[in-house]
Amino acid sequence: MPVDAIVSEKLTRRFGELTAVESIDLRVESGQFFGFLGPNGAGKSTTIKMLTGLLAPSSGRMQILGLDFAAQSREVKRQIGVVPEGMGLFERLTGAEYLDFVGRMYGLDGRTTAQRTAELLDFMQLADRPKTLVADYSHGMQKKLALAAAVIHRPKILFLDEPFEGVDALAAGALKHLLARMTENGVTIFLTSHVLEIVERLCSHVAIIHKGRLVAQGSLAELRSGIAGGEGGTVTLEQIFLSVVGRDGAVQPQPEELSWLT
Amino acid sequence: MADLVRPFGVGTQIRLIARLRWRIMRNSLLRQDSKWDLIGMIFAGFFAALLVLALSVAIGAGAYAFLSQGRAHWLGLLFWAIFLFWQAFPIFVAGFGQQFEFRGLLRFPLSVGAFFVISLAYGLADFSAAASLCWLLAMTIGVTVARPDLLPAMIVISGIFALANVTLERLTGSWLERLLARRRTRELVFGLFILLMVIVQLTASSVASWGKAAAPWLLRIIPVFAVFPPGMAGWALKSAADDGYGKAVLYATGIGAYALIFGALLWKRLAAQFRGEELSETAAPSSPRTAIPSVKQPEKSSHLRWLSPQVEAVVRKEFRYLTRNGFMLLSLVMPPVLVILFGSQIGLVAKKYPMVSSGRAGSELIFPGLLAYLLLILVAPAYNCFAYEGRGMQTLFTAPVRFRDVFVGKNLILLAVITFELLLSIGILALRIGLPSLPMLAATMAALLFSVAGQLIIANWSSLNFPRKLEFGSMRNQRASGMAVLLAFGTQIVVAGACSVVFLSGRWFGSPWLPAGVFAVLAASALGGYFSSLDALSALAEKKQEVLLNALCK
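Read top to bottom, the protein sequences are chains A and B. If you're matching positions, the first sequence starts at 2 in my numbering and goes up one per residue. If you're matching positions, the second sequence starts at 12 in my numbering and goes up one per residue.
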């Protein structure tokens, strides 16, 4: 029986009085392309930070590839790749130097690191700026470099926080194709995005978080069949999202509220 | 069509911006982690007010004394002092104060004129301007008490002088803002600034040595200073005091011409900003991939193979950061320069007082003292060693690396730098004042080892507990956490005190090798402590992860 890639039990994070994430039970199987959705401030980034070891949970537990994160954090970190919210780049290195640094930090030997660095820079269309510092990259270029760094050690799970934000359509297309190929080879991808169309096109499974609580989780087909009045394949992810988030008491802004503007 | 209920004037806009600045400051101080900043600001405000008041009294008394003793031509000195403070202080504090980005206001419907007036109004609200205005007022009072008939002339001259000052200060500020907006020019300007500081120190030292010889030359160039605004203000007042109102008007017109020129240049600068001057230097987007041949990078031969891949990666990254940080590089140039400087001064003292500092007796004292001073400068950055990581800190936490490896990598680079700098300085010292006796040399080396190893334990701990983000080559808000500075200072005092006692013990017990022996034991203990602290620091880094990421990844 294959091991689940990500399992969390009652994962909770509090910041003083505020409970940002409350008792989240996630289950992501190996090889799934998993979309993690939620409105602004719902707790997506907090959850992904906990799952990648950038934030300690207040309570609850997580297992990554069957390993207990709290007890075996270094072993878990070896198996995962992360594009965090802030991208985590060292801005005073060039793209090649940054990838070389990351490769060596993950324990790759010098030859492998150099080879993969060259290939990744080429794929991400960053190879023509060998002397440019990351600080002088545009936002999209930085995002592509962060993606390259996340995969240099061939992770088994990839956590991507808004990976396509600022990336041009050409590179985004190639990246989506690459990510799809990775999942075919058994890599699990955990992705957050505000662009529901991207999630709908790429992800086989989705979870929706709202006000720190998980309000829906399952395959797209399961979610479609779950909403009231759903008509199977005709229901879009946006409809599912609005239905699920609205059901939880969220009031959708109505255009007529700003009548003075219209 | 956009609503405009009623047109609002420049006054309203100034009030709105004043409220905005106040709220920004208040909200930043209300943050929980800013309580030390608030306390610091209260203390700084109190002492600054005290200083301004004391100098106001001195300047007022000076103006009174010059006029009542018939030395009106000296009044120019007071104007020069005010002028230099007004213009230089904002540049010096650019690195420490919370700055307000005026360019951001341009997204609102302001006219160029309003932007210009607001810029001047806020130039007058800066500390340097407020203090200078206080001193001008004090000077006016002093002048009026001595010669009541000079009050109208003083008011006019002070007013025009203040206008010239505020326009020049804003002009300099706007050019600095332009230069500092680009990373490369920012680093260049910062480097030049540090070099200027070194030159000032060297000049001060040269004046002490060659002052008498240079005096006639200096006296010849003094009249040149009369053509600048403070010189003109002094001469205008002197002319008015000597009943030469014609000349006074001429000089006042001269200051006014300066104000006009500065104002026109400032207008030009602000108009360029108003038109949307582009300051950023972000790279242009990559060209689409056009079959760039994959360049297989050959594996570089590494001299660091004896290190683990993680430590090697950190060492290489730290070295690259060091070579790309103009400020850090210059701070490495400084110590040997200081050694040369002090060596020269000590040489002069030795010529004057051969009994005190000549020969080996002098080097026995000076040698360990100067090396301790160098260490004080070189180890200080280690107390906030993650300062320049920025968001890269996230990578250190997502990678499967123990923080002991990160610390070892960082400390190795620091150690290499310290070794290089100390060897260079020892060489310079050996040439300038000679080496001390062998027991003293051995004791100094062991003391340095003890001091470095001991301080690194505390510095690493401090870096985890009191992190503060610093920007490369930026002069704004570049200060380590107050606690880190305090800890560094305290540790260095304790270490220096302990070392002094050990050095003196050799004399007390009449055993020249005793300090070397004691320091060898202390150094061995400190090294043992350093290595055994690394695991504890790794565990602490995991605990402090959130604090570190919050402080460094903003």
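Honestly, the hints are just simulated from the structure, not real lab data. One should not assume that every hint holds.
Stated by the list, open to error - Covered stretches of chain A (in silico footprint by chain B; criterion: 3 or more residues with CB under 8 angstroms from a CB of chain B, positions within the stretch not fixed):
(1) 45-56
(2) 59-73
(3) 105-115
Said to hold, decoys possible - The following label-pair restraints were derived from C-beta to C-beta distances:
(4) B:T196 - A:D169: 28 to 34 angstroms
(5) A:L179 - B:R30: 38 to 44 angstroms
(6) B:R34 - A:D169: 50 to 56 angstroms
(7) B:L31 - A:P40: 41 to 47 angstroms
(8) A:L259 - B:R34: 55 to 61 angstroms
Said to hold, decoys possible - Simulated pairs of lysine to aspartate or glutamate, DMTMM-like, Cα-Cα distance not exceeding 25 angstroms:
(9) B:K555 - A:E18
(10) B:K555 - A:E30
(11) A:K157 - A:E18
(12) B:K480 - A:D137
(13) B:K565 - A:E18
(14) A:K132 - B:E482
(15) A:K157 - A:D123
(16) A:K212 - A:E223
All values reported here derive from a predicted model rather than from experimental measurement. We put the beta carbon where it would ideally sit given N, CA and C, even for glycine.
Here is what the structure says about each hint:
1. Requiring three or more residues with a Cβ within less than 8 angstroms of a Cβ of chain B, the coverage given for the region 45-56 of chain A holds, as 4 such residues are present.
2. Counting residues of the region 59-73 of chain A whose CB lies closer than 8 angstroms to any CB of chain B gives 0, which falls below the minimum of 3, so the coverage claim is violated.
3. Given a C-beta distance limit of less than 8 angstroms, the hint that chain B covers the region 105-115 of chain A holds, as 9 residues qualify and 3 suffice.
4. Roughly 29 angstroms separates the CB atoms of T196 of chain B and D169 of chain A, a value that falls within the hinted 28 to 34 angstroms.
5. About 51 angstroms separates the C-beta atoms of L179 of chain A and R30 of chain B, a value inconsistent with the hinted range of 38 to 44 angstroms.
6. For R34 of chain B and D169 of chain A, the Cβ-Cβ distance of about 38 angstroms falls outside the hinted range of 50 to 56 angstroms, so the restraint is violated.
7. Between L31 of chain B and P40 of chain A the beta carbons are some 29 angstroms apart, a value that contradicts the proposed interval 41 to 47 angstroms.
8. Between L259 of chain A and R34 of chain B, the C-beta spacing of about 26 angstroms breaks the proposed range 55 to 61 angstroms.
9. Our distance criterion of 25 angstroms between C-alpha atoms is met by K555 of chain B and E18 of chain A, whose separation comes to about 20 angstroms.
10. Between K555 of chain B and E30 of chain A, the direct Cα distance comes to roughly 32 angstroms. Violation of the 25 angstroms bound is thereby established for this hinted pair.
11. With a C-alpha separation of about 36 angstroms, the suggested pairing of K157 of chain A with E18 of chain A is violated against the 25 angstroms cut-off.
12. Of the supplied pair hints, the one linking K480 of chain B and D137 of chain A holds, its CA atoms being roughly 19 angstroms apart against a limit of 25 angstroms.
13. Restraint check: the Cα-Cα separation between K565 of chain B and E18 of chain A comes to about 22 angstroms, which is no more than 25 angstroms; the hinted pair holds.
14. Distance check on the hinted pair: K132 of chain A and E482 of chain B sit about 21 angstroms apart at the alpha-carbon level, within 25 angstroms; holds.
15. Restraint check: the Cα-Cα separation between K157 of chain A and D123 of chain A comes to about 22 angstroms, which is no more than 25 angstroms; the hinted pair holds.
16. Pair hint K212 of chain A plus E223 of chain A holds up; C-alpha atoms about 22 angstroms apart against a cutoff of 25 angstroms.
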